[in-house]
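Visitor: Given next are the chains, with one letter for each unit.
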Amino acid sequence: MRPPKRLRRKAKSFVLLGLCGVAVLLMLAPLASILFTCFANGAGAITPAFFLKNPPSACNPNLGAPCPVGGVADAILGTLLLVALASLIALPLGILGGIYLSEFAERPLARPARFLADVMTGIPSIVIGVFVFGIFYFFAEEGWISSFSVISGYTGAVALAVIMIPVVARTCEEALRLVPISIREASLALGIPRHRTILRIVLSSARGGVLTGALLAVARAGGETAPLLLTAGFTTGTIFGLSGWTPSLPVLIYEFSAGGYANTTQLAWGAALILVLMMLVISVGARLALRNRFGGRSA
Amino acid sequence: MRGAQQRRTARAFDRAFGWFTVAAAATLIALPLLLVTIVAQNAWPALVRFGPGFLIGKLWDPNLPPITFGASTFIAGTLETSVIALLIGVPLSIGGAVFLAELAPDWLRAPVAAVVDLLAAVPSVVFGLWGLYVLVPYMRTSVDPFLAKYLGWSPLFAEHAGSQSGASILTASIILAIMILPTISSVSREALRATPDSQREAALSLGATRWEATRMGPLAYARTGIFGAAILGLGRAMGETMAVTMTVGNSDNFATSLFDPGQTLSSKIAINFGNALPLERAALVELGLILMALSLLVNVVARLLLRSMTRIGRTTA
Amino acid sequence: MSGDKVVVEHLNAWYGKTHAVQDISLSFPDKQATAIIGPSGCGKSTFIRCLNRIHETQPKARAEGKVLLDGDDVYQADPTEIRRKIGMVFQRPNVFPTMSIYGNVAAGLKLHGGYSRDEIDTLVIESLKKSALWDEVKEKLDQSALQLSGGQQQRLCIARALAVQPEVLLMDEPASALDPISTARIEDLIFDLKNQVPVIIVTHNMQQAARVADRTAFLYLGKLVEIAPTRDLFERPAEKLTESYITGRFG
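Protein chains in written order, with our numbering: chain S, 1 to 299; chain L, 1001 to 1317; chain P, 2001 to 2251.
If you are wondering where the hints come from, they were derived from the structure by calculation, not from laboratory data. The structure presented is a predicted model; accordingly, all values stated were derived computationally and were not measured. Some hints here could point you the wrong way.
[To be verified] Partial selection, computed: residues in chain L whose CB lies under 8 Å from chain P:
id : residue
1  : Q1005
2  : T1009
3  : T1068
4  : E1201
5  : A1202
6  : L1204
7  : L1206
8  : G1207
9  : A1208
10 : T1209
11 : M1216
12 : A1220
13 : Y1221
14 : R1223
[Claimed, not checked] Restraint ranges, calculated between C-beta atoms of paired labels, are given here:
id : chain 1 : residue 1 : chain 2 : residue 2 : range
15 : S       : L190      : L       : W1019     : 35 to 45 Å
16 : S       : A262      : L       : E1190     : 43 to 53 Å
17 : S       : T47       : L       : A1012     : 26 to 36 Å
18 : S       : G285      : P       : D2142     : 45 to 55 Å
19 : L       : V1134     : S       : T47       : 19 to 29 Å
Think of the CB as a built atom: it goes at the ideal place given N, C-alpha and C, for glycine as much as any other residue.
I would like the entire structure built from these sequences, with the hints used as guidance.
Guide: Here it is, written out as structure tokens:
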């Protein structure tokens, strides 16, 4: 009885652990395939015109004349403006909020603020889009803004900011918590005022972690699509500031993904390639920065 | 005297800085409250008009009077896609996490784990584009016919007219499964790594094989954490929009087969929000409200589970 | 030689680059308890962890030499079978937190299979009685093992090890994490157990060695300094090193 049973157990162990190895390969395959297809389909689109021109407005290649490929200049500009404005709103608010959560943890707002920040990060981004659209729609109904401004770059930037704020606050809090209490006490014992202790000593000791968190939040905002679809809209025309419909790379990818016209599809792949590369560079960079700062000290 | 002056200035700064942080913390509290208010207010016309029947209504027709909106097709689509995503994604993630946490040598573990986590950095819309041009055709030409051939007897894998485009509930589920891999895998990996060596040795010392020791030790020890990770992944999957919108087929008809095109709460909002008239927009916002409620519920459960995991960790460490 | 249950010949073990066990040869007779003493870091834990081949499950750990169980080299055999035959109790109680008290004791039996429900029941009860835990847990066998006290958890670990009917029982400082009363119970237990199965116990506590062991081995810096009947070792040590250690001059 015994030996076959034992062999079966060993075989089972071998097979199941082997399957775990296969699972890792299956997990790596999609990323490889995504990168490969982005390069294969998008690399050809990356020409000077890609960065300098806008997409051809309306063109049907079946009607004879070949369609120009054009570029995604204003979508790149739009993404940069949207993310910049969103960061301008969200980074100060998020970092100050993180400081409150970490440095004033005993105060009454800290617990509900932390809990609600966590709740907020769990809300689907498209619902954030619905929410911010609702705010600006309300403004327009009250006559405070033009009804043409409900869908605009400003609305989009606010939506991105709302997504970023709780993320920045929580990562900033975590980074600040890594600073030993003794450093704070040493500074306070020298008679240095609390705000200066926090800004000069605590924040600067944790700046690597805070910056990394901020960078990751910015990256995430740059890749968001669904809320921008509802709030910032899309146009293939030239943009002047953020007051009108504002194209962005992610929304452009979505808008150009279907339709079946070779020229716009190629632009979508080019935009996807740029976007993925940006995200990967930021993500890898942030990881390396974090490891350099904290890797040696932990454990 | 100058010292006193400086101290006063410092105290004023202290106070001003303190108020700034309070304002920021208040923002953190105000945002979700405002969100619920605004979303509920915008959904109000639909809430009043359709009442609780909205949840079970099947029809979404903004054109022919009487105008009728019902959410059940989309609720079902969201639940279907995210549950199937879990069924595919959880075993893969756990298997991968076991390999990385328990089997892989140190030099392999860190880089492979980092690459797996990079998947989380790919924007949803790029998943969608990839899904549309790589996965959808592959499903149409290979996977769907294969499944239909061997599982076609079951209504879940029945082929209908209009279900052969490759964009379907199943395709969206697979995309979602891929997208939640890094979340589930990294949380599970941490839970597994948190298992004390003594647990593995307890099983090994009884004569367990390596798999049995993994099952009795780390997998059992970390099961709450892994379960929490799966629920966290469920939350992600339910809220995911773009990749699903681009691969699910966007049909308002109730999908009976996994090969049928369908629609989820989020994809319905994404597709129709831009050109909806006021009542339909209110109904779409109500879909958002339902989606929010579902994902909040799931996220709270996940958080509670993950917290209880750290508690178990403390009592047996 | 022939009456010895376990014979160790030229055993060497490494942990990374640390040569933790250096050329140790000794033997363990049946129906006796043998204590292994020495200052911390002398390799005594690594030594007994080589006997059931659990040492090699750690990363960067390896062992060389021969360990004979009834004359057969355990390093030539299947490690899962060896670990079933040579049970082990660890420094800290490591019950399976997700299993019941019953489930913990039955865990090994269920792994190896071939037992009927009744046989498992009988063996679980028998093992809990042997480990002097039965009276305390018989009313709550299906409750979580985590709610037992530390001393009870350690006796549960002993019951779990006994349930698979091992031929040798290794104990790696089994009482080091326990209070004095629990420690005394474990020591009584070892004294009873050695009549059924040879016990090899690592301890840094010389009183404990003196109380439970028939023979005692003294290890220092990875080497075996001396092994003798416990009384002799403590009263008339042959080596100077042993004498300085037991009189408390170092360690």
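Visitor: Evaluate each hint against the coordinates.
Guide: A quick look at each hint next to the structure:
1. Q1005: violated (60 Å)
2. T1009: Given a least distance of 57 Å, the restraint on T1009(L) is violated.
3. T1068: violated (50 Å)
4. E1201: The hint holds - E1201(L) has a Cβ within 8 Å of chain P, the shortest such distance being about 6 Å.
5. A1202: Where the cut-off is 8 Å and the nearest Cβ of chain P is about 4 Å from A1202(L), the hint holds.
6. L1204: Since the shortest Cβ distance to chain P is 6 Å, the answer is holds.
7. L1206: holds (4 Å)
8. G1207: holds (3 Å)
9. A1208: holds (5 Å)
10. T1209: holds (5 Å)
11. M1216: holds (6 Å)
12. A1220: At about 4 Å, which falls below the 8 Å cut-off, the nearest Cβ of chain P leaves the hint on A1220(L) intact, so it holds.
13. Y1221: holds (6 Å)
14. R1223: holds (6 Å)
15. L190(S) <-> W1019(L): 35 to 45 Å: violated (24 Å)
16. A262(S) <-> E1190(L): 43 to 53 Å: Check passed, 45 Å falls within 43 to 53 Å.
17. T47(S) <-> A1012(L): 26 to 36 Å: violated (57 Å)
18. G285(S) <-> D2142(P): 45 to 55 Å: holds (53 Å)
19. V1134(L) <-> T47(S): 19 to 29 Å: holds (24 Å)
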